[in-house]
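S.K.: Spelled out, the chains give:
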Amino acid sequence: MELVLLLTIFILAIFVGFEIITKVPPTLHTPLMSGSNAISGISIIGALLAAGSQHNQVTTLLGFLAVFFATLNVVGGFMVTNRMLEMFKKKKG
Amino acid sequence: MNPIVTNLAYLLASVLFIFGLKGLTHPRTAVRGNRLGAFGMLIAIVVTLVDRNVMTYQWIIAGLALGTVIGAVMAVKIEMTAMPELVAVFNGFGGVASALVAGAELFRYAHGGTVEVPVTQFAIAAGASGLIGMVTFTGSMIAFIKLRGFAFSGNVKYPGDQVVKALFALACLALIVMIVGDPSGQYELYWYVMLVSAVLGVLVVIPIGGADMPVVITLLNSYSGLAAAATGFVLDNTVLIIAGSLVGASGIILTLIMCKAMNRSLNNVLFGTWGGDAMASVPGADEIYEGKIKATSAEEVAMMLDGLSSVIIVPGYGLAVAQAQHAVRDLANMLKANGTDVKYAIHPVAGRMPGHMNVLLAEADVPYDELVEMDLINPAFAQCDLAIVLGANDVVNPSAREDPTSPIAGMPILDVDYARTVVVIKRSLSPGFAGIPNPLFAKDNTLMFFGDAKQNMLDLIAAIKDA
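Respectively, the protein sequence lines represent chains A and B.
Residues 1 to 93 (the numbering used here) make up the first sequence, in order.
Residues 1001 to 1467 (the numbering used here) make up the second sequence, in order.
Keep in mind that the hints were calculated from the coordinates and are not lab data.
Note that beta-carbon positions come from the ideal geometry of N, C-alpha and C, so glycine has one too.
Do not take every clue at face value.
Under the rule of at most 30 Å between Cα atoms (straight-line distance), these lysine-lysine pairs were calculated in the DSBU-like manner [said to hold, decoys possible]:
#1 B:K1165 <-> A:K89
#2 A:K89 <-> B:K1343
#3 A:K89 <-> B:K1336
#4 A:K23 <-> A:K89
#5 B:K1260 <-> B:K1165
#6 B:K1165 <-> A:K23
#7 B:K1157 <-> A:K23
#8 A:K89 <-> B:K1022
#9 B:K1260 <-> B:K1157
Chain B is faced by these chain A residues, among others (derived, beta-carbon under 7 Å) [to be verified]:
#10 V4
#11 I9
#12 V24
#13 P26
#14 H29
#15 L48
#16 L62
#17 V67
#18 V74
#19 F78
#20 K89
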């Protein structure tokens, strides 16, 4: 895809992020951090492609390490966020 | 699989991430929101696994299995009080993953692989990913070590540290420029980019004191998103760019909120010299406290609490350290059973990460609508019978409001000193992170209830039961 197109997506997504995140109440800021953190593990996609590309050993090794770290980030991040949010949910004021 | 189908699936994942974050705008919808985000991630992963470029699965399965097991164990085992450390660590892992992916791509290209984007863009984005990713990684690890209290808990300063940091940053940029000039020939310099950036991450975070960690974690959170976005420019992949920039925006917003709550600029937090000249004008602790401190006991506080109409509890980091959240909840329930209105006043930087107190009190089943933000609760202190300050210090220091020469002058604080009576639960008169005495402790309407936050709460509950 053309660079300008990618930059357009990048900038527009930042605006979307700003609009949504400013509406998150302070009480949920910790889950917001751990949840958005899990989303930043999206580089797992690149990691999977590298680890499975069978191009050469170095790429595979780097890919494997990246898959490991990104998975930790994604699985741990979403699970711990869920655990926190369940605590917020279970009671009514 | 058809690339169009793959890209549509990535688009769906991006939409789910946005809906997921939108869910986090209210406690009722938050659980669902987080699951939508996780579902989006699952879609993105599954679609990638069936991609035609994935030839072999053994390393993928190994990485997925190991990461899942360790990540799940960490997520289940972690104490709620240790959440800032955990977020820091996960953050770092996201950063290093992005840096490794960029390295793998660069290596693949240099050994005859094809790339989807113009080579210059490819190399610049890979360099950015390596730099930001590795700074995020080592910076987060240092933040983790500081938060756990293993080492470097103060602000580690040495002469000329700004120059050293600048040199490392410049070296890193120079290496990236050399790679961009000849990506297939100079790709091996990327390992040095990773190394130099790793050192840079350590150098940037190590001088920053423990109490400024909320800002550091939120900023690194933002960086981990930007590293993922940069990797998106390497791979020509829109879902990485969208997800990365959402996280980047989120981290920056939280960073700015934290800085505002401390009345400091981001620049001052990252590179500032806390203390310095401003500290010279601070009156000595003896001068402020001498002869004016009134200590109290569990029995006395129990008597005072009898029949009050409103009590405001102000939790701080001391509550987290003492794990006093359940004891506080029990006390609040007893007071409420007596007809007293109980609210919690939450300062934005109470604790070690944004929303830290809210999570701890939620763990103890305190309804979230009893937790009131600073701006909303401040007018209520004047009508409040009793304020209990529990392990908070600088965020209730009236010097910020009254003494223009104070190092914390202008920092928004909780106006607890306006309450009819203030009970401060604290181990000693030692200063908070700002290193300055707190005139609140010496006020006429303040009583000091010395001791551990949790133990004092338990004693207080016992005293109320006896009465």
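S.K.: Now look at each hint and say whether the structure bears it out.
M.R.: Structure-based check of all given hints:
no. : hint                : result
1   : B:K1165 <-> A:K89   : violated (44 Å)
2   : A:K89 <-> B:K1343   : holds (19 Å)
3   : A:K89 <-> B:K1336   : holds (21 Å)
4   : A:K23 <-> A:K89     : holds (18 Å)
5   : B:K1260 <-> B:K1165 : holds (25 Å)
6   : B:K1165 <-> A:K23   : violated (36 Å)
7   : B:K1157 <-> A:K23   : violated (37 Å)
8   : A:K89 <-> B:K1022   : holds (16 Å)
9   : B:K1260 <-> B:K1157 : holds (24 Å)
10  : V4                  : violated (11 Å)
11  : I9                  : holds (5 Å)
12  : V24                 : holds (5 Å)
13  : P26                 : holds (6 Å)
14  : H29                 : holds (3 Å)
15  : L48                 : holds (5 Å)
16  : L62                 : holds (4 Å)
17  : V67                 : holds (3 Å)
18  : V74                 : holds (6 Å)
19  : F78                 : holds (4 Å)
20  : K89                 : holds (5 Å)
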